[in-house]
Amino acid sequence: MSDPVRGQPAPDDAASPDAGPAPVPPAPPEASAPGGPPSSYPDAAPAEGGAPRRRRRRGSRGGRRRSGAGAGGPAPEPTTGADAPVGAAEDVDGLSGVPAPGPGSAPPPPAPGTVPSDSPVSPLGSSGPGGSGGPPPPGSGGPARPKIGDSRPAPPPRPVPPPVTAFSPPVPGGAGAGAEQPPGGQGEGGRRRRRRRGRGRGRGATPAGGALPVGAGPVAGPGGPEAGEDVTVDPETLERRRGGERKGRPVGRYLMSVHVRPDATQIAVLEGRSLIEHYVSRPQDDVSQIDGNIYLGRVQNVLPGMEAAFVDIGTPKNAVLYRGDVRYDREDVVEGSRPPGTRIEDLLRPGQTIVCQVTKNPIGTKGARLTQEVSLPGRFVVLVPNSETYGISKRLSDDERRRLRRILDDLRPPGHGLILRTAAEGTTADELRRDVARLVGQWAQIEDLGRRTGAPALLYREPDMAVRVIREEFNREYRGVIIDDRRLYEEVHDYVASISPELADRVELYDTTLDPLPLLERHHVHEQLHKALDRKVWLPSGGSVIIERTEALTVIDVNTGKNVGKSNLEETVFRNNLEAADEIARQLRLRDIGGIIVIDFIDMEIRANRGEVMRAFRSALARDKTRTQVYDISDLGLVEMTRKRISEGLVEAFSETCPTCGGRGIVIDQTLL
11 MSDPVRGQPA PDDAASPDAG PAPVPPAPPE ASAPGGPPSS YPDAAPAEGG APRRRRRRGS
71 RGGRRRSGAG AGGPAPEPTT GADAPVGAAE DVDGLSGVPA PGPGSAPPPP APGTVPSDSP
131 VSPLGSSGPG GSGGPPPPGS GGPARPKIGD SRPAPPPRPV PPPVTAFSPP VPGGAGAGAE
191 QPPGGQGEGG RRRRRRRGRG RGRGATPAGG ALPVGAGPVA GPGGPEAGED VTVDPETLER
251 RRGGERKGRP VGRYLMSVHV RPDATQIAVL EGRSLIEHYV SRPQDDVSQI DGNIYLGRVQ
311 NVLPGMEAAF VDIGTPKNAV LYRGDVRYDR EDVVEGSRPP GTRIEDLLRP GQTIVCQVTK
371 NPIGTKGARL TQEVSLPGRF VVLVPNSETY GISKRLSDDE RRRLRRILDD LRPPGHGLIL
431 RTAAEGTTAD ELRRDVARLV GQWAQIEDLG RRTGAPALLY REPDMAVRVI REEFNREYRG
491 VIIDDRRLYE EVHDYVASIS PELADRVELY DTTLDPLPLL ERHHVHEQLH KALDRKVWLP
551 SGGSVIIERT EALTVIDVNT GKNVGKSNLE ETVFRNNLEA ADEIARQLRL RDIGGIIVID
611 FIDMEIRANR GEVMRAFRSA LARDKTRTQV YDISDLGLVE MTRKRISEGL VEAFSETCPT
671 CGGRGIVIDQ TLL
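Just so we're on the same page, our numbering is the position in the sequence shown counted from 1, plus 10.
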């Protein structure tokens, strides 16, 4: 079959009145078939299966925009969900599994840096068999000193070895090379077809234009980046991934501002001039910022009535491990349990050491939440050690998923599972191979550290908040990242240049000597933060939204306020609810509100209006990278939804409990009691 964009007929094309009695020899890309449309248009390609398409009437403008079989095959289906850079946990939750190779199929060849399955490996802890990663080879220096993302002093070399970190000095030539030709070609026809799709449409259908967020950096050590050869990116691929420019400056929807102070670091993400996300990281709050860390913990007590166990991981409060997050083998289950493996007391016992990962930071009086399903996020791949997990992000198009599935079959390391993230769109096999080799070597270091360390101990530490946000979110949709600290700027710039060189020039230093106005004030962040900390939010038409947070849930009330409308009550209420739906979705992201949320929209009599408001609300939530679940309007006119809670919200980060009222907001009149 020929290239559908170039319009060359396939060798097995059948004869037809349009094609002539004899097969037409292949024509160069710039040539066109006699009497047909120019070959630079995608509609000139033969239909899939070899049959030439029917001649189009000259002068039909709508025919050029028609998609389907005449465009060289079925059009790619639109992607679902919001394509935003997410953390590893979010990508794992939003992925669809792909059946692993059957028992009769040959195992795929091991990727570079993969530990052989027949190597002697001792288990980590006593909860089950160990992983497939072996000890580091002789002569290795162990985990290297992290370069960025670690503001705390390194632990003493004895008796506890330092934990593995996600950011060690990067490897030169970090991005991959040998980029494959994307579907659609590089000629004029490919460019025309991309222009016709329009901006923001079919983002998952063009692998060459996929976003490339910053991923986890390489780890120096056994099985790390040295396991694979350096890969360079050709200039054409760099230019394609770079994104658009206007008057010599990058063009993008988002801007990230990083303000560094001795006591805290603030990260503000703006869409246009509107603040949509804000993060605060304090050095003294390391205990509350442990999401993603891997620990060697010791079980303190098992509570059968709660189907949970409390585990000591070295934090002030013991972490909780629920029954559904326990990982075990059948041979490890205590004999005599009925049925086997259904009770947590049969799987865990006090004093047992286990390897676990934090999935939720400690909040308030609650300790951290753990899981034994450990995962290591990379730039494009999530490694699931000692698992059969095998999946590709559902946010990618079907064509891209099929392409990546063929590559993934050859890269899957034995004994480990792989999940391709949304950022893998448009990547080459060399880039994925290097990412897999890096993660496999990183897991080998974690296993070796766990064998040489006593519980409780930290085995792997995620970078701090500033570097983590840049790693997960920074891609070609950002027009820049502005940092007002030279040390952090140099480290982030070197890191981005090693893994995404096409985006390195978008990392800028904000020189306060040239501009005395602070960075956040320059972008009007403080003004928007003051409004976000208020319980009332005004809408453009004069309506308002009231946000009240309680221990159990968050309640949001929508009011017309000053909005009196112009035509009738139903139309006024409908327009007010549409504005409120978009603003509520923005406030949930900005305030980082999680848990159960109940929204009281103004009652609407027309069912079509209620459906339109719900569609607008779900569309606005699609831009949120945090997992949400929304239910339809109930009989009482309430909308119930849940949003995953990972850490404290914006209000908690900027406030402290009042010593007078204890956080209630009222003072009891003691004279009446």
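Keep in mind that a hint or two might mislead.
[Said to hold, decoys possible] For lysine-lysine, the following DSS-like pairs were computed, each having C-alpha atoms within a straight-line distance of at most 27 Å:
1. K376 <-> K654
2. K572 <-> K654
3. K654 <-> K635
4. K376 <-> K404
5. K404 <-> K541
6. K327 <-> K376
7. K404 <-> K635
8. K576 <-> K404
[Claimed, not checked] Listed next, with one range per pair, are the computed distances between beta-carbon atoms:
9. C668 <-> D420: 53 to 61 Å
10. G282 <-> D515: 35 to 43 Å
11. R416 <-> A618: 38 to 46 Å
12. G621 <-> A562: 23 to 31 Å
13. D408 <-> P669: 17 to 25 Å
14. G621 <-> P272: 21 to 29 Å
15. V565 <-> E537: 41 to 49 Å
16. G334 <-> H540: 38 to 46 Å
17. T375 <-> G647: 33 to 41 Å
These aren't lab readings, by the way, just hints derived from the structure by calculation.
The beta-carbon is built from N, C-alpha and C at its ideal position, and this holds for glycine as well.
Verification of the supplied hints:
1. A threshold of 27 Å between alpha carbons decides the hint, and for K376 with K654 the separation of about 16 Å falls inside it, so the pair holds.
2. About 33 Å separates the Cα atoms of K572 and K654, which puts this hinted pair outside 27 Å; it is violated.
3. Taken as a hint, the K654 and K635 pair is honoured in the structure, with Cα atoms around 10 Å apart against an allowance of 27 Å.
4. The hinted pair formed by K376 and K404 fails the criterion: a straight-line CA distance of about 33 Å is larger than 27 Å.
5. Taking the CA atoms of K404 and K541, the gap is near 36 Å; set against the 27 Å cutoff, the hint is violated.
6. Under the criterion of a C-alpha separation no larger than 27 Å, the hint pairing K327 with K376 is consistent with the structure, at around 8 Å.
7. For a cut-off of 27 Å, the pair hint linking K404 to K635 stands: about 14 Å separates their Cα positions.
8. Restraint check for K576 and K404: not satisfied, since their Cα atoms lie roughly 44 Å apart, outside the 27 Å limit.
9. In this structure the hint that C668 and D420 lie 53 to 61 Å apart at CB holds, the actual value being about 60 Å.
10. G282 and D515 have their C-beta atoms about 21 Å apart, which leaves the hinted 35 to 43 Å range violated.
11. At roughly 45 Å, the beta-carbon separation of R416 and A618 lies within the given 38 to 46 Å, and the hint holds.
12. Taking 23 to 31 Å as the suggested C-beta distance range, the pair G621 and A562 conforms, at roughly 29 Å.
13. A C-beta distance of roughly 58 Å is found between D408 and P669, which places it outside the suggested range of 17 to 25 Å.
14. Here the CB-CB span from G621 to P272 is close to 52 Å, at odds with the stated 21 to 29 Å.
15. Restraint check, V565 to E537: a C-beta distance of roughly 26 Å breaks the suggested window 41 to 49 Å.
16. Judged by the Cβ atoms, the range 38 to 46 Å given for G334 and H540 holds: they are separated by roughly 41 Å.
17. For T375 and G647, the hinted distance range of 33 to 41 Å is satisfied, since their beta carbons lie about 34 Å from each other.
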